[in-house]
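Asker: Sequence:
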Amino acid sequence: MKKKRGIGGVIVLVLLVVVIVGAFVIVMRLAPRSAEDKTEVSELDTLLNIDVTGNYPSTPREVMKLYNRYIICLYGSASEITDGQMQALGAKLREMYDTELLNDNPQEENLDNLAQELNGFKSTGKLVIQANVCGSNEVDYVDLTDGSSGAFVEVSYFMRYDQDPKEKFKRTYQKFLLRKDANGDWKILGFEQVDKPAKEVE
1 MKKKRGIGGV IVLVLLVVVI VGAFVIVMRL APRSAEDKTE VSELDTLLNI DVTGNYPSTP
61 REVMKLYNRY IICLYGSASE ITDGQMQALG AKLREMYDTE LLNDNPQEEN LDNLAQELNG
121 FKSTGKLVIQ ANVCGSNEVD YVDLTDGSSG AFVEVSYFMR YDQDPKEKFK RTYQKFLLRK
181 DANGDWKILG FEQVDKPAKE VE
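Residues in the sequence shown are numbered consecutively from 1, following the numbering used here.
These are computed hints drawn from the structure, not numbers from a lab.
Source: prediction; values computed, not measured.
Mixed in with the good hints there might be a few duds.
Said to hold, decoys possible - Straight-line C-alpha distance at most 27 Å; calculated DSS-like pairs for lysine-lysine:
1. K166 <-> K65
2. K122 <-> K168
3. K126 <-> K166
4. K122 <-> K180
5. K180 <-> K126
6. K196 <-> K65
7. K196 <-> K126
8. K187 <-> K175
9. K65 <-> K175
10. K65 <-> K122
11. K166 <-> K196
12. K65 <-> K168
13. K65 <-> K180
14. K122 <-> K175
15. K126 <-> K65
16. K187 <-> K168
17. K170 <-> K65
18. K126 <-> K168
19. K170 <-> K196
As the list claims (entries may be wrong) - What follows is a set of in silico ranges between Cβ atoms, one per label pair, in the way DEER data are often shown:
20. T59 <-> T145: 19 to 25 Å
21. S42 <-> G147: 38 to 44 Å
22. D143 <-> Q107: 26 to 32 Å
23. D195 <-> E62: 23 to 29 Å
Beta carbons are placed, not taken as given, at the ideal position from N, Cα and C, and that holds for glycine.
When you get a sec, could you build the whole thing from the sequences and use the hints?
Answerer: Right, dumping it as structure tokens:
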């Protein structure tokens with residue numbers, strides 16, 4: 001009799017484990033989409049809440065890594081962001097601009113141009129889905145003609161074109177020039193599109 005009770009207890013325990021595991025599997029199957037949504041919202045919220053000036057990146061490469069997190073958030077999401085969010089993200093980008101670049105691009109005009117460019121991306125199904133900043137040893141430090149320190153940083157952007165089946169994916173390259181300001185912060189002075197780096201040419 002004692003043996004039968006022991007076997008019965010084991011059977012009940014096994015059934016209980018099966019029920020718990022089954023419930024866990026069901027919950028996990030229902031969760032992924034909402035988890036992905038939370039991740040996307042979290043990155044947007046994180047970027048909006050970063051104190052760029054108060055916690056400014058210490059190297060040209062780190063500046064460009066932060067800058068491109070904002071670029072991916074703005075140009076890499078098929079989901080809608082509000083005008084207020086767009087303007088707030090654009091203002092964060094401006095905190096990484098050199099005073100000369102800021103003077104050449106007044107805030108209102110700069111944000112209007114950003115909105116137009118984003119609308120152009122949206123209408124053509126164009127997305128920036130990845131940005132890769134060159135390695136630390138590939139940053140080119142230079143002395144600028146005004147006596148300040150400069151640094152060239154190359155970034156590659158992986159683009160997706162939803163409305164062009166012949167050229168759905170494309171990689172472009174840009175070289176950014178940063179200048180160290182009076183506070184010792186590296187600020188973006190300008191950039192230009194460049195050819196594919198020689199080491200990547202097939």
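Asker: Against this structure, judge whether each hint is valid.
Answerer: We went through each hint and held it up to the structure:
{"no.": "1", "hint": "K166 <-> K65", "in the structure": "violated (30 Å)"}
{"no.": "2", "hint": "K122 <-> K168", "in the structure": "holds (15 Å)"}
{"no.": "3", "hint": "K126 <-> K166", "in the structure": "holds (14 Å)"}
{"no.": "4", "hint": "K122 <-> K180", "in the structure": "violated (35 Å)"}
{"no.": "5", "hint": "K180 <-> K126", "in the structure": "violated (33 Å)"}
{"no.": "6", "hint": "K196 <-> K65", "in the structure": "holds (20 Å)"}
{"no.": "7", "hint": "K196 <-> K126", "in the structure": "holds (20 Å)"}
{"no.": "8", "hint": "K187 <-> K175", "in the structure": "holds (14 Å)"}
{"no.": "9", "hint": "K65 <-> K175", "in the structure": "holds (13 Å)"}
{"no.": "10", "hint": "K65 <-> K122", "in the structure": "holds (24 Å)"}
{"no.": "11", "hint": "K166 <-> K196", "in the structure": "holds (20 Å)"}
{"no.": "12", "hint": "K65 <-> K168", "in the structure": "holds (25 Å)"}
{"no.": "13", "hint": "K65 <-> K180", "in the structure": "holds (17 Å)"}
{"no.": "14", "hint": "K122 <-> K175", "in the structure": "holds (25 Å)"}
{"no.": "15", "hint": "K126 <-> K65", "in the structure": "holds (21 Å)"}
{"no.": "16", "hint": "K187 <-> K168", "in the structure": "violated (33 Å)"}
{"no.": "17", "hint": "K170 <-> K65", "in the structure": "holds (20 Å)"}
{"no.": "18", "hint": "K126 <-> K168", "in the structure": "holds (9 Å)"}
{"no.": "19", "hint": "K170 <-> K196", "in the structure": "holds (12 Å)"}
{"no.": "20", "hint": "T59 <-> T145: 19 to 25 Å", "in the structure": "holds (23 Å)"}
{"no.": "21", "hint": "S42 <-> G147: 38 to 44 Å", "in the structure": "holds (43 Å)"}
{"no.": "22", "hint": "D143 <-> Q107: 26 to 32 Å", "in the structure": "holds (31 Å)"}
{"no.": "23", "hint": "D195 <-> E62: 23 to 29 Å", "in the structure": "holds (26 Å)"}
In this structure, the earlier hints numbered 1, 4, 5, 16 are contradicted, and the remaining ones agree with it.
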